[in-house]
Amino acid sequence: MTQLVPHLFNGLTLGLLFALIALGFTLIVGVMEVINLAHGSLFALGAYFAYSVLGSGWAGETALAAWWAGLPIAARYTVALVIGPLLAGLAGMVLEVCLRPTYGKAPLYGLLLTFGAALVIEELIRLGWGTGERNLALPQSINGAMFLGGLIFSKYKIFAAGFAVLAILGVWVFLEKTPYGAIIKAGAHDSEMVRALGYDLSRLRLLVFGFGAALAGLAGVVMVPIWGLRPHVGIDVVIPAFLIIVLGGVGSFWGSVVAAILVGLAVGLTGAYASAWSMMSMYVLLIAVVGFRARGLFGRKSALEA
Amino acid sequence: MTTLSDISPRSGAWLTPQKLLLAAILLTAPYWLPAIGLYQYIGVEMVIWIVYAMGFNILFGYTGLHSFGHGAYLGVGAYAFGLFQHHVAVSLWGGLGAAVAAAALAGALVGLFVSHRRGIYYALMTIAFGQVFWFSAIKLHGLTGGEDGLLNIPRPGLRLGLATVDLNDNVAFFYFAAAILLVVVIGIWRLVHSPFGRVLQAIRQNETRAAFVGYEVWRFKWAAFVVSAMIAGLAGGMFAMAQESAYPDVMSLHQSGLIVMMVLVGGGLVSFWGPVLGVVLYFVARDVLGGLTETWLLWYGLMFVAMVMFRPEGLAGILASLRGAVPGGRRREIAAE
Amino acid sequence: MALFEARNLHKRFGSRVVLEDVSLAFEEGQVSGIMGPNGAGKTTCFHVLTGRYRPDRGSIRFGGTDIAGLRPQRIACMGISRSFQIMNLFDDSSVIENVLVALPEFRARRNRPFSSVFDDPDLLDAAREVLDQVGLAGRDWEPSVSLSYGDRRALEIGVALAARPRIVFLDEPTSGLGADATRNLAALIGRLRTRYTIVMIEHDMRFLFDLADTISVIHWGQVIADGTPAELAANKWVRRSALGELA
Numbered sequence: 001m002t003q004l005v006p007h008l009f010n011g012l013t014l015g016l017l018f019a020l021i022a023l024g025f026t027l028i029v030g031v032m033e034v035i036n037l038a039h040g041s042l043f044a045l046g047a048y049f050a051y052s053v054l055g056s057g058w059a060g061e062t063a064l065a066a067w068w069a070g071l072p073i074a075a076r077y078t079v080a081l082v083i084g085p086l087l088a089g090l091a092g093m094v095l096e097v098c099l100r101p102t103y104g105k106a107p108l109y110g111l112l113l114t115f116g117a118a119l120v121i122e123e124l125i126r127l128g129w130g131t132g133e134r135n136l137a138l139p140q141s142i143n144g145a146m147f148l149g150g151l152i153f154s155k156y157k158i159f160a161a162g163f164a165v166l167a168i169l170g171v172w173v174f175l176e177k178t179p180y181g182a183i184i185k186a187g188a189h190d191s192e193m194v195r196a197l198g199y200d201l202s203r204l205r206l207l208v209f210g211f212g213a214a215l216a217g218l219a220g221v222v223m224v225p226i227w228g229l230r231p232h233v234g235i236d237v238v239i240p241a242f243l244i245i246v247l248g249g250v251g252s253f254w255g256s257v258v259a260a261i262l263v264g265l266a267v268g269l270t271g272a273y274a275s276a277w278s279m280m281s282m283y284v285l286l287i288a289v290v291g292f293r294a295r296g297l298f299g300r301k302s303a304l305e306a
Numbered sequence: 001m002t003t004l005s006d007i008s009p010r011s012g013a014w015l016t017p018q019k020l021l022l023a024a025i026l027l028t029a030p031y032w033l034p035a036i037g038l039y040q041y042i043g044v045e046m047v048i049w050i051v052y053a054m055g056f057n058i059l060f061g062y063t064g065l066h067s068f069g070h071g072a073y074l075g076v077g078a079y080a081f082g083l084f085q086h087h088v089a090v091s092l093w094g095g096l097g098a099a100v101a102a103a104a105l106a107g108a109l110v111g112l113f114v115s116h117r118r119g120i121y122y123a124l125m126t127i128a129f130g131q132v133f134w135f136s137a138i139k140l141h142g143l144t145g146g147e148d149g150l151l152n153i154p155r156p157g158l159r160l161g162l163a164t165v166d167l168n169d170n171v172a173f174f175y176f177a178a179a180i181l182l183v184v185v186i187g188i189w190r191l192v193h194s195p196f197g198r199v200l201q202a203i204r205q206n207e208t209r210a211a212f213v214g215y216e217v218w219r220f221k222w223a224a225f226v227v228s229a230m231i232a233g234l235a236g237g238m239f240a241m242a243q244e245s246a247y248p249d250v251m252s253l254h255q256s257g258l259i260v261m262m263v264l265v266g267g268g269l270v271s272f273w274g275p276v277l278g279v280v281l282y283f284v285a286r287d288v289l290g291g292l293t294e295t296w297l298l299w300y301g302l303m304f305v306a307m308v309m310f311r312p313e314g315l316a317g318i319l320a321s322l323r324g325a326v327p328g329g330r331r332r333e334i335a336a337e
Numbered sequence: 001m002a003l004f005e006a007r008n009l010h011k012r013f014g015s016r017v018v019l020e021d022v023s024l025a026f027e028e029g030q031v032s033g034i035m036g037p038n039g040a041g042k043t044t045c046f047h048v049l050t051g052r053y054r055p056d057r058g059s060i061r062f063g064g065t066d067i068a069g070l071r072p073q074r075i076a077c078m079g080i081s082r083s084f085q086i087m088n089l090f091d092d093s094s095v096i097e098n099v100l101v102a103l104p105e106f107r108a109r110r111n112r113p114f115s116s117v118f119d120d121p122d123l124l125d126a127a128r129e130v131l132d133q134v135g136l137a138g139r140d141w142e143p144s145v146s147l148s149y150g151d152r153r154a155l156e157i158g159v160a161l162a163a164r165p166r167i168v169f170l171d172e173p174t175s176g177l178g179a180d181a182t183r184n185l186a187a188l189i190g191r192l193r194t195r196y197t198i199v200m201i202e203h204d205m206r207f208l209f210d211l212a213d214t215i216s217v218i219h220w221g222q223v224i225a226d227g228t229p230a231e232l233a234a235n236k237w238v239r240r241s242a243l244g245e246l247a
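Chains as they are written, first to last, in the numbering used here: chain A, 1 to 306; chain B, 1 to 337; chain C, 1 to 247.
Hints are computed from structural coordinates only; laboratory data are not their basis. Hints may be right or wrong, so weigh each one.
What the hints assert, rightly or not - In silico EDC-like cross-links for lysine to aspartate or glutamate, where the CA-CA straight-line distance does not exceed 20 Å:
1. A:K105 - A:E33
2. B:K139 - A:D236
3. A:K157 - A:D236
4. C:K236 - C:D226
5. C:K236 - C:D204
6. A:K105 - C:D91
Please put together the full structure from these sequences, using the hints given.
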C-alpha cells in the first residue's frame, strides 16, 4: 500500500494543477460557449514567458539585464510567476478579439479558430524559443528531495500542490467575494441576463478570456518543472480540461475542482501500474465518459450539446 | 456564402468537364512540374494528400462531422501496408487491400463511439482517439517499430496483363497514384450525388429533421466515418509506398490538424473541389514559401485563422462568388446551430 | 377504435410532473386540436406523442400498434409525420430538395451509394406534387432560406407531408404569421384535411375553433376538457383557462 503513496501524491498534485487549468477553461466555456482548443498553448505560453522573465535575455545587454541577473533566484522566480501568466492572459485577450467574427455562427468556427490559434501559438513559441527542451530555473528552497515518513518526496511537487491549493482558493475568493468575480460568475450562467443588466458583454468576454488564459498560464509555469518545457507541452492539456468539465459540470467551480482531482488521481494510479500509459488514461477516460453517457452534463443542455 | 448543396445539385454524371480537366492536368504533371520550378516527387505527395483530403471531406464538409483525429486512419493504412509487405507477401493490391481493410476496421470501431454525438463532443472524442492511436504506434515497438516506424517498405510492381510495371521510378509511381486518384474522385462524385450522399447532407443541415423524416441518422454518420477512414487508409497505403516507410508522426494531432486546415482553406465546406485546392495551396506554401522563409507554417496558420474569421467558405467559395457562380449571387450566414 | 390513441400518459422531468394521466384520441379523417396556456404541458405532450420524449407511463397506439418509446425515425416510417414550431428546414438546400429527401420513394433508395438522384423524373414529379399541395408550385430550385416566412411555413408543412403520412402533427403552425399568411394557412389546412388526418397544437384559438373538429384542452398537465368547438365554447373552465384566469 505504501507503494501507492507516491503515485497518489503525484496524482493529487497533478489533479490540483489540472483544477487550475480546468477553472480557466470552464469559465471560458460558461461565458462564451467556446471550447478553447488553444488552452494548452496558452498554458505553454505562460511557462515560456516565465522562462524568459526569469532569465535576463529580455533586457538585452543593458545594465538592467545585469542588475536583474544579479537578483536572487527566488525574487526572479516570484516575478516570473506573476508576469508569465499575465502575458499569457494578454495573449488570451488577443485570441478573444480574433474569435469575435465567429460569435453567432455554428460552434464549428470557434473550434476551428482556436485550433488554428493553437498551431500559430506553437509555431510562435518555436520561433521565439526554439524547439529544444528548456529548463526553468528554480529557487533552492523548492528544489530537490524531502524525506517524509520514510518516503522520498519531491520538494517541488509539494510546493506545486500547495501553490495550486492557494491559487484555487484565490480564484474562489475572486469569484465569490469581488464584484468582478460576481459578474463573471453570472455571465457563466446566463450571458443574456448579464447584458440585460447593463454590463458590457464584449468587455466581459475579453476579461473572462484573459482571466482564463492567465490561469492556464499560471498552471503552465507551475507545471513545467514536472512536465518539461517544450513547444508542444500544451497538447495534453485540453483533453483533461474538457473531461473535467464534462464530469464536473460546465461553470461549476467545485465540480471542476473535484473532478480535476479525480482525474489526476486516475492518472497517478495508472502511473503505478502501467507508467508508460498513464497519460493515455485521460484519453481513455474521456472516451469512456463521453462515449457511454447518454447526456454528458447532468441533463443541462449547453453549447456542448450542439 | 455558397454552400455544398448549391453547387451543381443536378449533375451526378460520371464524366464532367472538371474531371476531364483534372485528368489532363494529372496526365501532363511530370512535364510541367519541373518547368515551374518544382520537383516531380511533389506530384506524388499532392496526389496522395488529395485522395486523403477528398475522403476526409465526405465526413467534414458533406456530413458536417468534424474529425480532428483523422490522421489515425492514414497511419493505420500505412502501417498495414508495410506490415503486409513484411509479413505476408510483397503485393501491390494485397498491401493496398490490407491498408483499406485495416483502416475500415479502425474507423468502424471508433465510429461506433463517436457517431451518436455531434459538434464539440464529437470533435474532442476524435482527438482523444487520434492520440490513443498515435501513442500506441509509438509504444508498440514490436509491431510498429516505435518512434522510428516501419522502414524499408518495398514498392511492389504493378502487374498489367503479362507485363509488370516497376513502380520504383517516381514518374511511374506518380501515374499509378494519379490513376487511383481519378477513380477515387469519380467514386466520391457519384457518392455525394447519390441518395446516400444527399441524406448525409440532410443530416449536416438538420439532424433533427432528418431523423423525424425517417432516417437512422446514427447509421449514416457511422457509414460516412467508415468510408472516409477507408479512403484515408488507401492514401496511407500509397503514402507508405511513396515514402517506403510508415511512422507515428502522421497520426499526431498536428498532422491531423493539417488536413482539417487544408480542406477548410481550400473550400471543402462549400465545394467538391475544395480539398484539391486546399492540398495544392498547402504544398505551394510548404515548398514555395518554405523556400523563402523558415516561418512558412506560421504564415499558413495565420492565413487559416484569418479565413475562419472572415472567409470560411475558403478558396473555392471565394472563387465561386467572384465568378458570380452562385444563382442570384446571394450571400448569407450559415444558420447558427 | 381511433386512428391514434394515447392513454394515461405520465411524464416528469426531475421532480416536476409535466403530464399527468393524459388521454387523447384522434379519429381518422378529422382535424383535432390541442390547446392550452403556455407551460401547461401541451408542448411536452406533443413531443411525447411524436416520439421526441418517451412517456414514463402510459400507452400510445397508432392503428392498433403500440408506438410508445419508439424512436422518431421508426415512427416516421410508420406513417406519422410532424412539423415544427421553430422551423426545421434544410437551409442549405433548394425548395424541392427539402421535400425530396422526405419522400418514401427517396428514402427507399437511401442506401444506394452510386445511383444518381436528380436524373429521375418520377422522383422530381412526386416532389413537385407535394409542393403543389402546399402552394409552392414552380419554385423548385429557389433556395429555401430566401423564401418569405409564410412560404417557409408552407415548406415546413410540405416536408412533413412528403412522407405521405396517415396522420400529420402540426406544432403551432400559425406561429409568427401575420393575418394574411394565417388566412392562407387556414385555406391550406382546409385543402389538406380531405387527404390527411391532422392534429394541431395551437395558441390561436380562433384558428383552432374555425378548423378543428374536436379540441382537447390541456392545463396543469392534464386534459381538462375535450369536445367540439361548440361544446368547449360553452365550458366555463375552458373559457377561464383560455382567458388566463386560471393560475
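A quick look at each hint next to the structure:
1. Between A:K105 and A:E33 the alpha-carbon distance is near 12 Å, which keeps this suggested pair within the 20 Å criterion.
2. Note on B:K139 and A:D236: the hinted pairing holds, with a Cα-Cα distance of about 17 Å set against a maximum of 20 Å.
3. Note on A:K157 and A:D236: the hinted pairing holds, with a Cα-Cα distance of about 19 Å set against a maximum of 20 Å.
4. Restraint check: the Cα-Cα separation between C:K236 and C:D226 comes to about 13 Å, which is no more than 20 Å; the hinted pair holds.
5. Restraint check: the Cα-Cα separation between C:K236 and C:D204 comes to about 19 Å, which is no more than 20 Å; the hinted pair holds.
6. Restraint check for A:K105 and C:D91: the C-alpha separation of about 14 Å stays at or below 20 Å, so the hint holds.
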